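With the hints as constraints, model all of the structure from the sequences given.
Line by line, the protein sequences are chains A and B. For what it's worth, full-length UniProt numbering labels the leading residue of the first sequence as 1, then goes sequentially. For what it's worth, full-length UniProt numbering labels the leading residue of the second sequence as 1, then goes sequentially.
Calculated from the structure, these hints are not laboratory results. In this text the structure is predicted, and so the values were computed from the model without any measurement. Treat each hint with caution, since some may be false.
Only part of the chain B face toward chain A is listed, based on derived beta-carbon distances under 7 Å [what the hints assert, rightly or not]: (1) Glu14; (2) Cys29; (3) Pro116; (4) Gln120; (5) His127; (6) Gly129; (7) Glu155; (8) Tyr160.
Label pairs and their in silico Cβ distance ranges [unchecked claim]: (9) B:Arg79 with A:Arg182: 54 to 62 Å; (10) A:Gly181 with B:Gly194: 28 to 36 Å; (11) A:Phe185 with B:Asp43: 37 to 45 Å; (12) B:Phe167 with A:Gly181: 32 to 40 Å; (13) B:Gly106 with A:Gly181: 38 to 46 Å; (14) B:Ala64 with A:Thr148: 48 to 56 Å; (15) A:Pro122 with B:Ser16: 25 to 33 Å.
Glycine included, each C-beta is placed from N, C-alpha and C at the ideal position.
There are 2 protein chains.
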Amino acid sequence: MSDLLDVDSRPAPESSEDSALAEYVAEVCRRLSAGLLRETGDDLRSVVAAEVRSVQWALEDPAALRDRVPVHPPRLDHRGRVRMFTNPVLSQRNPLAPPLTHVSDGDECEFRVTLPLQYQGPRNMLHGGYVGVLLDDVLWYAVRHASTGISFTRELTVTYERPVPLFEELRIVGRVVEAEGRKTFAEGEIVAGGQVCARATGLWIAPKPRRDGHGSAG
Amino acid sequence: MSDLLDVDSRPAPESSEDSALAEYVAEVCRRLSAGLLRETGDDLRSVVAAEVRSVQWALEDPAALRDRVPVHPPRLDHRGRVRMFTNPVLSQRNPLAPPLTHVSDGDECEFRVTLPLQYQGPRNMLHGGYVGVLLDDVLWYAVRHASTGISFTRELTVTYERPVPLFEELRIVGRVVEAEGRKTFAEGEIVAGGQVCARATGLWIAPKPRRDGHGSAG
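So, in structure tokens, the structure goes:
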């Protein structure tokens, strides 16, 4: 899988060290996000001070991160424009993204993730909206994987069977159930400890073909 | 509106300065999140270095943030446990939260927000999953506002009419359309520039009452 289907690109317009720094700072933001919600008072100040020192260390010593291979460096597209993989579910460089780990493609696409405190809705449970975020992205990925072009979400229904836990590994799977002309129907679920916690079904629609035979997405 | 319906609490178990520091660091994480996805190379390093300096300054000079009034300090509940408002859509202390600004309650609950780069799906557009996050939370808020107890999302359907833009103000509104026993149905939409971009309908269910007359949520 090359860059999560975000192909059509040439090597990065920044050094590998700078890309590694960006992904490291994204990790620091993730740890800080959990820390701000877990700690108070002096413990809070200690967590913040430690993370600030770790970023300073990474900034001052270019060799500090040299063993890190950036997962999502920026690329240049065919027009020479910088193209950053910003996806807030999958990109290592986006602190909003957990990010998901891709496990397999096939009849089903599967991702895994263990979510920290900043995704909390009810106590120790994933926020309902973020249940939808995970399913939306994995179903979109399955639709994209099964087709040649881009499709846009038209409708997504999420059904909540039981709470989705934080702090333990989740399996998120998606599959195409029907494709008919420009329409693709997909479904999937989030599984924790062998039990289905939430399901989703959705409809994706590809843009109308242009006269030159290419889609008009973008 | 007291603390976004998260009432039942006593004053914070940390100093106002420390709560202000936590909310300031959350803001820094938000700015860094956009910066990591916008900048490359030397510009990236400059952005990171400037944010690190600003946090150091806030850590070293306790008076630096003294004019900030923390919006979501931690509280103690009736059992004396620390209770943090962690909501990843509404909490100032959670870097994942944009956060939304509450505008009004009434027949409709309304929030507003302008979203930065880290929420991007298609170019300059909000990621489809996050369209659901905004609607889920505002509809849940409307359900909670109209009732006396907690309800849990059972199903949410999001319909995408047109792309939701980043970088311009969005109105997100939610309202209860029917309440029947433990079930509450709600709907809402995201509006940008006077046009509805996405709609949602959902069902929320309250826990079965316990024998002592209280709900069993928690």
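Cross-check of the supplied hints:
1. Taking 7 Å as the C-beta cut-off, the interface hint given for B:Glu14 holds, the closest approach to chain A being about 4 Å.
2. About 5 Å separates the beta-carbon of B:Cys29 from the nearest beta-carbon of chain A, less than 7 Å, and the hint is met.
3. Interface restraint check: B:Pro116 against chain A, minimum CB-CB distance 10 Å, threshold 7 Å, status violated.
4. This hint holds: B:Gln120 has a C-beta 5 Å from the nearest C-beta of chain A, less than the 7 Å allowed.
5. For B:His127, the suggested interface contact is upheld, since its CB lies about 5 Å from the closest CB of chain A, less than 7 Å.
6. Because the beta carbon of B:Gly129 sits about 3 Å from the nearest beta carbon in chain A, less than 7 Å, this interface hint is met.
7. Of the supplied interface hints, the one on B:Glu155 holds, with its beta-carbon coming within about 5 Å of a beta-carbon of chain A, less than 7 Å.
8. For the restraint placing B:Tyr160 at the interface with chain A, the shortest Cβ-Cβ distance is roughly 5 Å, inside the 7 Å limit, so the hint holds.
9. Against the hinted window of 54 to 62 Å, the Cβ-Cβ separation of B:Arg79 and A:Arg182 comes to about 56 Å, which satisfies the hint.
10. For the pair A:Gly181 and B:Gly194, the beta carbons lie near 32 Å from each other, so the given range of 28 to 36 Å is met.
11. Distance hint check for A:Phe185 and B:Asp43: the Cβ-Cβ separation is about 43 Å, which falls inside the suggested range of 37 to 45 Å.
12. For B:Phe167 and A:Gly181, the hinted distance range of 32 to 40 Å is satisfied, since their beta carbons lie about 34 Å from each other.
13. Range check, B:Gly106 to A:Gly181: Cβ separation about 44 Å, and the 38 to 46 Å hint holds.
14. Distance hint check: the CB atoms of B:Ala64 and A:Thr148 are about 55 Å apart, consistent with the given range 48 to 56 Å.
15. One distance hint, 25 to 33 Å for the beta-carbon pair A:Pro122 and B:Ser16, holds here, with the actual separation near 28 Å.
Of the hints listed earlier, the one the structure fails to meet is number 3.
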